[in-house]
Amino acid sequence: MYFHLFLLLAITIVLGVILHIIVSRFVTTKTLHLNVFIIFNLLLFACIFIAIAFKGTNFSLDNIGIAIIFTNSFCLLYCFILVGVVSDSPTLAIVKAILIREEKGLDKTGIQQLIDSHPFVGSRIDALVETGDVIRQDDTFILSKRIHVLLKLLNLYRSIIKIERETG
Amino acid sequence: MLQFLLTWALTMVLITSVDVLVARITQNRVTGFKASLCLTPLISAGLTLWLSEDADLYYFLITLGIALMWWFIYLNIAQSLESSLRIKILFEIFERGGRMKVNELKEIYNDTRLINIRIDRLKKHKAIHSFDGKLFLSSTKLKIAASFFLFLKQAILRQSSQFDN
Chain B
1 MYFHLFLLLA ITIVLGVILH IIVSRFVTTK TLHLNVFIIF NLLLFACIFI AIAFKGTNFS
61 LDNIGIAIIF TNSFCLLYCF ILVGVVSDSP TLAIVKAILI REEKGLDKTG IQQLIDSHPF
121 VGSRIDALVE TGDVIRQDDT FILSKRIHVL LKLLNLYRSI IKIERETG
Chain P
1 MLQFLLTWAL TMVLITSVDV LVARITQNRV TGFKASLCLT PLISAGLTLW LSEDADLYYF
61 LITLGIALMW WFIYLNIAQS LESSLRIKIL FEIFERGGRM KVNELKEIYN DTRLINIRID
121 RLKKHKAIHS FDGKLFLSST KLKIAASFFL FLKQAILRQS SQFDN
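Just so you know, the sequences run in chain order B and P.
Numbering-wise (the numbering used here), the first sequence opens with residue 1 and increments by one.
Numbering-wise (the numbering used here), the second sequence opens with residue 1 and increments by one.
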């Protein structure tokens with residue numbers, strides 16, 4: 001009963017990832033996340049159209065609704081992966097630096113080179129200012145109202161979990 | 001459609017409740033994540049069976065797919081509180097009433113301190129070890145994760161680091 005819907009979703013996800021990787025190689029990283037939603041949704045409706053027009057498959061409105069939720073959930077998941085792809089993680093950068101040196105190991109000079117070539121803190125602050133989450137006013141950083149609300153929610157979650165926050 | 005939405009919403013409520021409960025009881029964040037992941041297929045299948053009359057194998061797979069995707073999204077949000085540098089910086093400003101001097105922030109967060117904290121954390125979790133003043137990798141999982149992100153970075157962005165240019 002749901003076989004065709006399952007097949008539709010599988011095709012959309014696989015083709016969507018391939019298409020997004022190809023498109024991303026030619027467009028700016030600024031639209032990387034937006035492109036995910038555009039590509040996957042266009043592809044979903046193209047697949048639905050092809051299935052109905054050429055294969056005579058019947059999709060009820062419920063099925064189309066489920067397909068939209070499934071596809072956009074995947075888009076969100078894919079965007080979270082992309083965050084890790086676009087911004088270098090300090091932990092993974094350390095691992096990568098060790099991997100490059102393999103059996104020789106990462107010595108103090110290697111660690112210093114890693115620090116010098118990866119200005120993590122500056123890049124994150126710049127990104128926060130660029131997105132408008134943080135406003136720089138002379139020598140002071142001010143949180144935007146939008147991010148203040150989000151942090152209040154995250155703080156509430158943190159107080160429920162009861163985790164002590166670490167720096168760095 | 002209503003049944004599908006209800007299954008999705010209830011699955012999320014139960015997954016997050018399991019995580020919060022287990023994390024609080026065990027005082028271990030990872031145990032909470034693992035418990036919620038293990039229970040996700042059971043919760044999803046149970047709710048699908050209970051709420052959907054016309055469910056077949058493929059419907060089960062679709063609802064399971066949605067449940068696992070949202071577990072991953074939840075994991076990313078929850079984990080960002082502990083591992084995301086951006087969120088940590090934001091909280092630093094938030095805890096000072098939403099305003100913070102640039103120099104004060106830069107005193108707390110600098111690259112040398114950040115890398116050293118991460119190295120200590122990796123050592124603590126036995127992901128890396130030091131021998132003769134040098135660092136070596138112990139965790140295969142981290143090796144796979146680093147290789148996976150490096151592959152995606154090269155495939156999507158055609159570079160191996162955001163600091164390449």
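These aren't lab readings, by the way, just hints derived from the structure by calculation.
Glycine included, each C-beta is placed from N, C-alpha and C at the ideal position.
Where hints are given, some of them may not hold.
Said to hold, decoys possible - Footprint (simulated), chain P over chain B, 3 or more residues, beta carbon under 8 Å:
hint : stretch
1    : 1-15
2    : 38-51
3    : 54-68
4    : 113-119
To be verified - What follows is a list of derived Cβ distance ranges for each label pair:
hint : chain 1 : residue 1 : chain 2 : residue 2 : range
5    : P       : Q154      : B       : V149      : 15 to 21 Å
6    : P       : R24       : B       : A53       : 51 to 57 Å
7    : B       : G132      : P       : I117      : 27 to 33 Å
8    : P       : I117      : B       : I50       : 23 to 29 Å
9    : B       : I160      : P       : L5        : 32 to 38 Å
10   : P       : A155      : B       : L76       : 41 to 47 Å
11   : P       : L5        : B       : A46       : 22 to 28 Å
12   : P       : D132      : B       : I11       : 48 to 54 Å
13   : B       : G132      : P       : H129      : 21 to 27 Å
14   : P       : Y74       : B       : L34       : 30 to 36 Å
15   : B       : I160      : P       : I144      : 18 to 24 Å
16   : B       : F49       : P       : D56       : 37 to 43 Å
Here is how each hint holds up against the structure:
no.	hint	verdict
1	1-15	holds (count 6)
2	38-51	violated (count 0)
3	54-68	holds (count 4)
4	113-119	holds (count 5)
5	P/Q154 with B/V149: 15 to 21 Å	violated (37 Å)
6	P/R24 with B/A53: 51 to 57 Å	holds (53 Å)
7	B/G132 with P/I117: 27 to 33 Å	holds (28 Å)
8	P/I117 with B/I50: 23 to 29 Å	violated (52 Å)
9	B/I160 with P/L5: 32 to 38 Å	violated (25 Å)
10	P/A155 with B/L76: 41 to 47 Å	violated (20 Å)
11	P/L5 with B/A46: 22 to 28 Å	holds (25 Å)
12	P/D132 with B/I11: 48 to 54 Å	holds (53 Å)
13	B/G132 with P/H129: 21 to 27 Å	violated (42 Å)
14	P/Y74 with B/L34: 30 to 36 Å	violated (23 Å)
15	B/I160 with P/I144: 18 to 24 Å	violated (32 Å)
16	B/F49 with P/D56: 37 to 43 Å	violated (25 Å)
Checked against the numbered hints given earlier, the structure breaks hints 2, 5, 8, 9, 10, 13, 14, 15 and 16 and satisfies all the rest.
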